[in-house]
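Quick one: dock chain against chain with the hints and give me the complex.
The residues making up each chain are set out below.
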Amino acid sequence: MLFYSDLIGKLVYSETHAPLGYLQDILFLNGDTPRVTSIVVTEQGHHREIPITALRAINNHIEIKRGEENNTKALSIAKVLLDKQIIDLVGNKVVRVNDIVLQDIPTLSLSGIDIGFSGILRRIRLERIIRMILQQFHIDPPLQLLSWGDILTLELSGGQIKLKHHEERLAKIHEEDLADYLETTNVQNVEIFLKSLGTQQSAEVIKNLPVNYQVELFQSFDARKAAELLECIEADEAVDILLALERVKRDKIMKILPTEKQAAFHQLMTFSRTPVGKIMTNEFCAVESHMTVRNIMKFIRRNTSDFTSLGAIYVLNRDGQLVGVFSPHELLMQDSDTPAYKFMVAEPIVVLLTTPIEVVVYKLLKYKITCLPVVNREKKILGIITIDNVSDILRKKIL
Amino acid sequence: MMNFIRKYRRRLLLFLAVFGPATITAMADNDASGVATYSIAGATLGYPVLFILLIITVLLGITQEMGIRLALVTRKGLGDLIRERFGVRVSLFIFACLFLANMGTIIVDLAAVKTTSVILHIPAIPAMIALIIISFFFVTKGNYKINQNIMLVSCLFYLTYIISAFRANPHWVLAITNLVIPHGVAITPEYIRNYIIIGLGVLGTTVTPWGQFFISSFAFDKKIEAGRLKYSQFETYWGAFLTDFFSFFMIVATAATLYIHKIPLISGEQAALAIKPFAGDLAGTLFAIGILNAGFMGIVIVSLSTAYAFAEFFGLSGGLDTNFTKSKIFYIIFLSQLLIAGVFVLSPNVSLFKLVIASQALNAMMLPFIFYYLLKLTNSHEVMGAHTNSVFQRRFGVVAVVVISIASLLALIFTLIR
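Chains as they are written, first to last, in our numbering: chain A, 91 to 489; chain B, 70 to 487.
Chain B extracted, bound-state conformation (with noise of 0.2 Å):
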């Protein structure tokens, strides 16, 4: 009996170790821009769209556990990967990909950021700065372990969604057997056309092209031995399923409200304000907060990718652990990214509801692209020896890839039908 739990504790504790970049990563999904296309694709889209959801977590928990067994087996990240295996054209490439589909996604979270503060009346602009600034010395002065279990905590926040849900009175039934079939809607062209455009938004915002690249450098980050394989990729699954499990939420909120009540968003974020009349104060406040920490969350989170897969590709030493002076450029670029955005989100001109689909669409069809690579490494003898994809992932990985391509190039169709 003691060595049973011996033996069990142990398990715990080595499970608890590698505790943290799955994790981390996959409830980053949710940041702003993810409850915002998530609010929206509710609204628009109602219950059916809960079904492309299991099909993403799927895809989200196969492809996260690839990047984390070419972290752990290769100790290196896939943009070193791709820079060593593909050269310099590859890299530039995908890093300018990346660096567009970031770019947007942190415009969106801070746009986010800003209009959610209105609701919790907080001024806008100050407010704004100010997370900037904090984010900077989040990631500057703050040292791994600590950044880590904010970052962690932060997680908890995510809970205010479940309550938003549940207080909205959703048709659980319907919620949950749309898991599995798309059904009680009018099906009509218009209703597809949004079908595809805003899944592939949702797509976009879980499954993320950032994601792919830090969930390897955080990983690497965390030093987790390669005999940890085990546990690390049972983490990325449980990621996988966790972040989708509030993303449900998100979605059974608003479905349940605005949908049935036929209100059309305006703006992403102003879901909290909308569902208000319908769930009462405390849930649209709640969705409020939780949003502000997302948005803050995904600021962080979706720069540093940036950084990290920049200095993976080119070489550059980067990384939490190391101090300013030294990294000078992994900071710059993590920096710009914000002022970049601040500048972006403070112009009045710019329509920050299409934004949201639109980058997360973006996203998207990103995804395609870093996917070839990756499926590339991870089924390469050469790379992973014994620890190559199975033949599972493999076919599910080459439909994900021809999928998303052929939905990526409908969107486009409809958009430019319009």
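Here chain A stands alone, though its shape is the one from the complex (with noise of 0.2 Å):
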């Protein structure tokens, strides 16, 4: 999770390494996804718009491209939201804009805006001070972010930052909207706005998440931590996630909790189960995320001439990690040189080996989809489990 007010000030570089001018501002374009269009930089005074398709790194310092078009209707962060009011829905003041929260995945954009008086502290540059003394005292203060969906953002066109329900329902949105808003971020991000949560949200939240988050975030939960978010989720998903987690720590958790769910748990897990991998199938088409809807369509026609069916595309990053889907309608309605990160759908829906059939079963109806990829922990395509391989299944189960 990266901060607005941690990459102001930042020396801009050249790809020649030649320094270009500090970061003033960051320009975005309104809307449900606010993706970053280009950077501001300030030299002497004299102010530089920059592109975001420049962008080469954003790490200690930021690298770009040379020269590319400007943007136009592009908003303004420092101008249109930082330490502006925001409202709720009937214009009580609600609190001030203290940072703004980006993510780079899968483009850079704007998932949230820091309420808190972390924000505030960050911005004077004394959160992480602050906080190391606050942990000697084993006091964690909770970050207080608001998530870009909450906001109307048709009224910020307007100037306003207004958001789409009163005041007092801020701590009780829905946890399947939030996971589903969660989903759209990173991991890091949605652990951290876990903090925020008491134990029996976090888990209608961790719940609601796509498998590969909720390992990642029980990996890195302590065995009192994840048992007490384990009694709080049902017995079915909590086996689920068990069962995804490495032998040490599951048996760890399994120690700590209470009897009776040991022995509910026990038995869902020694249920008699066909492994997925027996049934998964690999053929599937897997791209990757910047190739253009033309090469897509060659690359479909060249590989995929012996398949029985063809239900969904997946999208790699340059790692070989699995980062969106689309289905081939999708993908027909796009114009040819459309990359394909631009109309995937990011965090696909996946299970792993580990995954009881019953639950991928219950995820292909829940989901209403044809097909799921089986990952591996580090996101990489097993292969794919799809309505057919399971229809024995159902026959069984129905009849």
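No false leads were mixed into what you were given.
Ranges between beta-carbon positions, derived for each pair:
1) B:Asn448 x A:Thr289: 52 to 62 Å
2) B:Pro417 x A:Cys322: 54 to 64 Å
3) A:Ser104 x B:Arg463: 35 to 45 Å
4) A:Ser104 x B:Asn448: 35 to 45 Å
5) A:Ile223 x B:Asn448: 37 to 47 Å
6) B:Leu485 x A:Gln134: 37 to 47 Å
7) A:Ile223 x B:Asp350: 56 to 66 Å
8) A:Leu224 x B:Leu189: 43 to 53 Å
9) A:Leu101 x B:Arg464: 36 to 46 Å
10) A:Gln134 x B:Arg463: 25 to 35 Å
11) A:Gly249 x B:Thr484: 39 to 49 Å
The set of hints was computed from the structure by calculation and includes no laboratory data. Please read all numbers here as calculations on a predicted model, not as lab measurements. The beta-carbon is built from N, C-alpha and C at its ideal position, and this holds for glycine as well.
Put into structure tokens, the structure is as follows:
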């Protein structure tokens, strides 16, 4: 998770490592996914807008490629968002914008607003020190974040930061909505966000997250916290998570759980189940995220001629990790020069080799999809399970 | 003829509709710490201190007018605008300045209540506790209209100062001429030193940092329309005149008695006690009642202004029209100041006399920072549109910032050298 205030004031370099000036502002396109369009760099009072497509790296410094076109219609974070008043649906003042949360997966965009005291501390560069001091006293101040999904983007163009709901409802966002929102961000983001929720609410949110998120989250929790959360989740979902974890971790968590829960979980885990690996197929099509529609079409024609069917096309990043999915229909609707990352659905639903087949079926039906990718812990696709693969099991259940 | 009357009546109604914020802010300038400062100034410096009072009145009128104009044109408070245009750092800094200065003023106000209640034979500690509780209910339970009326009615108590002044039999010619040019005293280095430090105190108690924040948020609370700008502007000048009209009599009352007879004040609030032999029991008692009332006004308004400013800087809902649960933090800040002041005043080891001038001089020292941002905002075409400052206002503001900064430095040097 990136914070606006951490980026502002950083030196921006060209490809040849010549300093261009300091980062002054970030411009974004208003909308449900507020993509960053350009950055404003200032050097000796002279401002310059550089489109985000020229951005090469954001690390300790920011590096850009040479000259590209400007973008109009973009809003400025400094002018429209930062320090401005947030009001609720009926116009009551709620709080001010203390900082902006950015995410860079799949593209650099705004994902939320920091409305907490941590945000103020970060702005005056004291957050780290004060957090360190507080941790000495075992106090971990929660981050207070507002998701972008809570803001009426239409109002923003009119200069108002208005929430979609009444002030009191802020803490009572529906857990499924929250999970939906969190799916579009990365796992560190989710972890930080969950800190601001209570155990019961965290559990509700986690339950609705994709499996790979669940696994990553539970790996990072200590056994006690993991057990507390699992107790709040329905047994079958809890078992799914447990089975996906490493054996050592799983055993540790099981020991802490109350005896009756242990027994229930144990029974579910030893349930006769068909291993996913046995029924999955490697007849799937995966493309890289930067490939254009034209190239993807070519790729499909060349590589999938022997397929029985093609329900979905998966999108991989440079490391070969699964980052998105789209249907053939979605593909046909695009211009031939559009790259895959622009229209894919990010963070698709996945299952693991250890997922019980009942859960696989459940997911296929719940999300009304025809195939599910099976991934390993590194998010690499191992194969897919289509509705055809599980039709036997379905028939047995129904008939 | 009828037309004329109708037109006139309409004007008067319009004026009365916006009547309030500026008068209340200006009158609250004469809170107990104000009374104490004016008394000390009159007693230590005599009539010549009246000279700066006239200049301060102009400064008060001009800066308050900027404040209300800013609020009515932008529909935002000073705190809102500082946060939005200058960011978190500046906001935190200005809020810290304001909080410090206000804490000083509230402590002095409460201390004055403590001292005067002794003079009036009311037990001091229960009186203070009662006052804190009353203030809290006044603000949390009362509604805007009632509160404003109570505030305006309690302004009537200031008439007591005029009575006190007349009973003190002052040298009116000397008093009036000193408004134009300071004269009639032996000018010694000691006198100049006192003049700068106490003069700064007089400035800080009349033109206050909190006054700048309060007037804009209060105007906003009252929901004055931008179209009524002219009437509100007139009211600010009227308020500035009114506040210093009463300050004038406070200074005259003590100058005519304590300064003439060379009686040093041990405590500002003891002015009430000290003028008795010269002005009679009634004047003394009236003075004491005036201070008690002024203490109440000061405590409520100054602590409210901190809470208002906090709500603006950090965007929380707050204000007299919202109920308790909704603006909890607003009221917590309001109450915690009263409690801190209470603890401070009850601890016996604090020299409250020194605190009076020190706290008001501190108020004055914060002014250049606040004026800087006030001027930046009201000079900005982007913020004010057609309502930017006139050339005179701009220049007067800049000169004021420079002069106050120099006086603050001098006062600091004098205090440290001693």
